[in-house]
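Which chain is which? The protein sequence lines are V and B, in order. Here the working numbering runs 21 ahead of the position in the first sequence, where the first position is 1. Here the working numbering runs 647 ahead of the position in the second sequence, where the first position is 1.
By construction, these hints were calculated from the structure, which means they are not laboratory data. Quick caveat: nothing in here was measured; it's all calculated off a predicted structure. No false leads were slipped in.
Here are the computed distance ranges between Cβ atoms for each label pair:
| no. | chain 1 | residue 1 | chain 2 | residue 2 | range |
| --- | --- | --- | --- | --- | --- |
| 1 | V | 236 | B | 891 | 23 to 33 Å |
| 2 | B | 790 | V | 159 | 56 to 66 Å |
| 3 | B | 891 | V | 149 | 41 to 51 Å |
| 4 | V | 33 | B | 874 | 50 to 60 Å |
| 5 | B | 871 | V | 228 | 32 to 42 Å |
| 6 | B | 695 | V | 176 | 55 to 65 Å |
| 7 | B | 650 | V | 102 | 31 to 41 Å |
| 8 | B | 891 | V | 176 | 33 to 43 Å |
| 9 | B | 781 | V | 32 | 52 to 62 Å |
| 10 | B | 684 | V | 92 | 20 to 30 Å |
Positions of the beta carbon are idealized from the N, C-alpha and C atoms, including for glycine.
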Amino acid sequence: MNQPGPPFPWSRVRSAVARRRWTPLALLCCGITLVQCWTSGRLQLLMAPAFHGLVIGAGLGLLVWSVTALVVDRPRRSTPWRAAVLVVCTNLLIVLAPPRSSFSTLARHRPPARLEGLAAGFALPPEQRDLVDWVRLLRGSPQPQLFRGEPIQVEGFVLVTATGEHHLAQLLVRCCLADATPVQLAVQWPDGAPPPQRDQWVRVEGEMELLETSDGIQPVVIAHGLTAISKPRQPFRT
Amino acid sequence: MVLDHLSTSWSVFQALFLEALPFLLIGVALATMARHWLPPGPVLQCLPDHPLLGPLTGAAMGFALPACECGNVPVTRQLLASGSPLPTAMGFLFAAPVLNPIVLASTWAAFPDQPWLLWARPAAGLAMALLVATLLRFQKDAAILAPNLLQERGFHQPAGAGSLLERSAGLVGSAYPVPRPLPSTGRGKSWRLSVLHGTDELVKLSSLLILGCAVAALLQTTLPRDWLLAVGQAPTLSVLALMLLAVVISVCSSVDAFLALGFASQVTPGALLAFLVLGPVIDLKSLGLYGTVFCRSAMVFVGLSCGVLALLAGQWTNFLML
Numbered sequence: 022m023n024q025p026g027p028p029f030p031w032s033r034v035r036s037a038v039a040r041r042r043w044t045p046l047a048l049l050c051c052g053i054t055l056v057q058c059w060t061s062g063r064l065q066l067l068m069a070p071a072f073h074g075l076v077i078g079a080g081l082g083l084l085v086w087s088v089t090a091l092v093v094d095r096p097r098r099s100t101p102w103r104a105a106v107l108v109v110c111t112n113l114l115i116v117l118a119p120p121r122s123s124f125s126t127l128a129r130h131r132p133p134a135r136l137e138g139l140a141a142g143f144a145l146p147p148e149q150r151d152l153v154d155w156v157r158l159l160r161g162s163p164q165p166q167l168f169r170g171e172p173i174q175v176e177g178f179v180l181v182t183a184t185g186e187h188h189l190a191q192l193l194v195r196c197c198l199a200d201a202t203p204v205q206l207a208v209q210w211p212d213g214a215p216p217p218q219r220d221q222w223v224r225v226e227g228e229m230e231l232l233e234t235s236d237g238i239q240p241v242v243i244a245h246g247l248t249a250i251s252k253p254r255q256p257f258r259t
Numbered sequence: 648m649v650l651d652h653l654s655t656s657w658s659v660f661q662a663l664f665l666e667a668l669p670f671l672l673i674g675v676a677l678a679t680m681a682r683h684w685l686p687p688g689p690v691l692q693c694l695p696d697h698p699l700l701g702p703l704t705g706a707a708m709g710f711a712l713p714a715c716e717c718g719n720v721p722v723t724r725q726l727l728a729s730g731s732p733l734p735t736a737m738g739f740l741f742a743a744p745v746l747n748p749i750v751l752a753s754t755w756a757a758f759p760d761q762p763w764l765l766w767a768r769p770a771a772g773l774a775m776a777l778l779v780a781t782l783l784r785f786q787k788d789a790a791i792l793a794p795n796l797l798q799e800r801g802f803h804q805p806a807g808a809g810s811l812l813e814r815s816a817g818l819v820g821s822a823y824p825v826p827r828p829l830p831s832t833g834r835g836k837s838w839r840l841s842v843l844h845g846t847d848e849l850v851k852l853s854s855l856l857i858l859g860c861a862v863a864a865l866l867q868t869t870l871p872r873d874w875l876l877a878v879g880q881a882p883t884l885s886v887l888a889l890m891l892l893a894v895v896i897s898v899c900s901s902v903d904a905f906l907a908l909g910f911a912s913q914v915t916p917g918a919l920l921a922f923l924v925l926g927p928v929i930d931l932k933s934l935g936l937y938g939t940v941f942c943r944s945a946m947v948f949v950g951l952s953c954g955v956l957a958l959l960a961g962q963w964t965n966f967l968m969l
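Bound-form chain V, shown alone (with noise of 0.2 Å):
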């Protein structure tokens, strides 16, 4: 029969409080951040599953780090308390304002995305093909003309680009949002209704058409049918 651990020691840190143990809390609250962006899944959010495995463990690291420095301390003459409030402040915002970026502002500046790498679709009917598949395939295509008014159902979220054109756009992220860039299709939207706000996710049904332009030849998604949808767990592609 398996015997109870012994209790999480509150005690230590009431005591540590009291006496303005600031540097083992800040820690503490590192590892509590950690973790519980780990589980309230908000990691999926801000950076690429490979990096997953190494912040929870961090965060798994950081509260035993923390509860070992709890029960070692003794009152010192003088703890950097400075960047121990400013440690704690700042996890306290993290856990209590999530992430809510604009997807759209992160990338309408940005380069679009290179897409070598990447595992392709090129063998997948052309309905389960999906934006980065499409996108890819067009750029590496000797004659994308071959594509012209071929079915595609995309979803992906609204980016309204420096031109103020409103594209269709997914985000690929190597290693965290700060690295994200866009890729990104024309859409011409439905006849008589506006098109989505920015930053909406929707699925668009419909086909494939390559309009000759002045640059060269530039696909539009021709949308028949749009579906607002919700914004996706992980919302970028890897």
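Model the placement of chain B on the given structure of chain V, informed by the hints.
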């Protein structure tokens, strides 16, 4: 619109901070273990002080710590505090973020079709580390190191290594507060002091990381990246623009090659190399961390030196490849 920018900056800040904190933890944990197990003084003082061998040894140590600059700074600080020769510590600080297995592997993964970059990046990173370490070697410790670090270092150097003033000897008075006593007796007590010292250090560095991430996140959302890339094909301007981008973006050196992949075709090869060489060493996120190692004038000197060397590397590459 302003609210959009602020909320987006807040999200980028969270992403940068949460991603960098684990690397900082690894660095401080290693520094704490080194402090506990490596006796300060004699062992580390055996590391080479030679202007060439020192940085090379430090760079080789980077293979043992596959972390980005956030993790390297606390380890470098501990090396210096324990009496390690300056060239070795500087070699580690400036070369390890580029010359570590993860960074080399990610560069290879991102640019398999550009083999020149696979050797040019580590070569330029090593050259930068050698030159900056050599330049710093001509200065006295007191002229480049942060006051607190200088004081810790003074306790682990041979008595004849520093001047009377540098050692803050009691005869002429001390310019800085009296340092904490070093762990001396008893294994348990030593562990306790190591844990508490590491805790204080991690909190101090985290607060500096917070400030760096905040500045980087604000600039990321207000400085249009496509403006910088607009000068892509101008040989010198493109190098300068990408250097500025590297400093602002502050992304971890283990993944910056994938980021560079996004604009590799729009810029000159020299600009690409300058981005990959300067970014891991100097960025806004780690600026505060450097303040725990260098004094202000030395930080300016290091920043300018690295900038000039990255510019030269980029220009030379453009000269050869364009």
